[in-house]
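Participant: Can you make the complete structure from the sequences, with help from the hints?
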Amino acid sequence: RKEVEQDPGPFNVPEGATVAFNCTYSNSASQSFFWYRQDCRKEPKLLMSVYSSGNEDGRFTAQLNRASQYISLLIRDSKLSDSATYLCVVNLQIAGGTSYGKLTFGQGTILTVHP
Amino acid sequence: ETGVTQSPTHLIKTRGQQVTLRCSSQSGHNTVSWYQQALGQGPQFIFQYYREEENGRGNFPPRFSGLQFPNYSSELNVNALELDDSALYLCASSTLSGGRLYEQYFGPGTRLTVT
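As you go down the protein sequences, you meet chains A and B in turn.
Each residue of the first sequence is one higher than the one before, starting from 13 at the first, in the numbering used here.
Each residue of the second sequence is one higher than the one before, starting from 74 at the first, in the numbering used here.
Keep in mind that a hint or two might mislead.
As the list claims (entries may be wrong) - Chain B regions said to be covered by chain A (calculated; three or more residues, Cβ under 8 angstroms):
no. : region
1   : 107–119
2   : 167–181
Unchecked claim - Among the chain A residues that face chain B by a calculated CB cut under 10 angstroms, a handful are:
no. : residue
3   : Ala29
4   : Ser84
5   : Cys100
I should point out that these hints are in silico values taken from the structure, not numbers from a laboratory.
For clarity, every value in this text was computed on a predicted model and none was experimentally measured.
Each residue gets a CB set at the ideal place from its N, CA and C atoms; glycine is no exception.
Facilitator: Okay, here's the thing in structure tokens:
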């Protein structure tokens with residue numbers, strides 16, 4: 013089983029649509045959660061952190077369910093500029109001599125927003 | 074922009090050769106992580122450097138090694154290049170403090186092609 017699994021997509025939606033991405037993770041010790049966005053042949057960019065209480069940033073809403081080990085991202089009123097690959101990311105903090113954080117990425121879901 | 078820079082942008086090497094990739098972290102960050110992203114996949118964690126020492130490593134062979142310098146910049150070295158090493162190499166800088174690793178911000182990446 014993959015450590016982080018996402019909807020395979022791709023998602024192809026019209027402008028103005030609402031789209032939801034889902035993600036599950038396997039390691040219950042995971043400590044922090046993120047959504048990154050990656051444009052074609054570019055680096056991943058942090059979209060938002062995800063908290064158990066849920067958080068919203070404009071048209072974007074992220075939710076975390078620790079019991080189900082499930083993360084979601086909702087995009088409302090989709091824009092053409094939202095077209096990108098969305099990466100679900102989990103940070104497993106490894107405790108040791110000096111703890112470190114290992115980001116584990118899902119495979120990504122491609123979103124295309126069309127006129 | 075994240076303030077994380079990487080060089081070179083693109084590189085073509087021959088199988089068996091060695092390569093060094095460079096990363097300058099964002100001002101104020103003390104930790105650098107390196108990731109390998111093959112085409113169509115999410116980034117895979119290679120290792121992390123903190124206080125000039127490797128403090129965490131993913132599932133990569135010893136021919137992948139690195140350095141971190143007093144100014145927190147970093148190098149990734151790959152020996153005995155193989156065709157499968159062709160990928161986008163990303164570095165991410167962040168802050169490790171109080172046992173917690175804060176959000177990681179990525180540089181633009183180095184695209185390595187091994188022929």
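Participant: Should the hint that Cys100 of chain A touches chain B count as held when the rule is a Cβ pair under 10 angstroms?
Facilitator: holds (9 angstroms)
Participant: The hint names Ser84 of chain A as touching chain B; please verify it with the least Cβ-Cβ distance against 10 angstroms.
Facilitator: Violated, because the Cβ-Cβ distance from Ser84 of chain A to chain B comes to roughly 17 angstroms (cut-off 10 angstroms).
Participant: Given Ala29 of chain A was flagged as interface, is its beta-carbon under 10 angstroms from a beta-carbon of chain B?
Facilitator: Because about 25 angstroms separates Ala29 of chain A from the closest Cβ in chain B, which is outside the 10 angstroms limit, the hint is violated.
Participant: Given as covered by chain A, does the region 107–119 of chain B meet the bar of three residues or more with CB within less than 8 angstroms?
Facilitator: holds (count 7)
Participant: When I compare C-beta atoms, does the region 167–181 of chain B have three or more residues closer than 8 angstroms to chain A?
Facilitator: Held - the region 167–181 of chain B has 11 residues with a Cβ nearer than 8 angstroms to chain A, which meets the minimum of three.
In this structure, the earlier hints numbered 3, 4 are contradicted, and the remaining ones agree with it.
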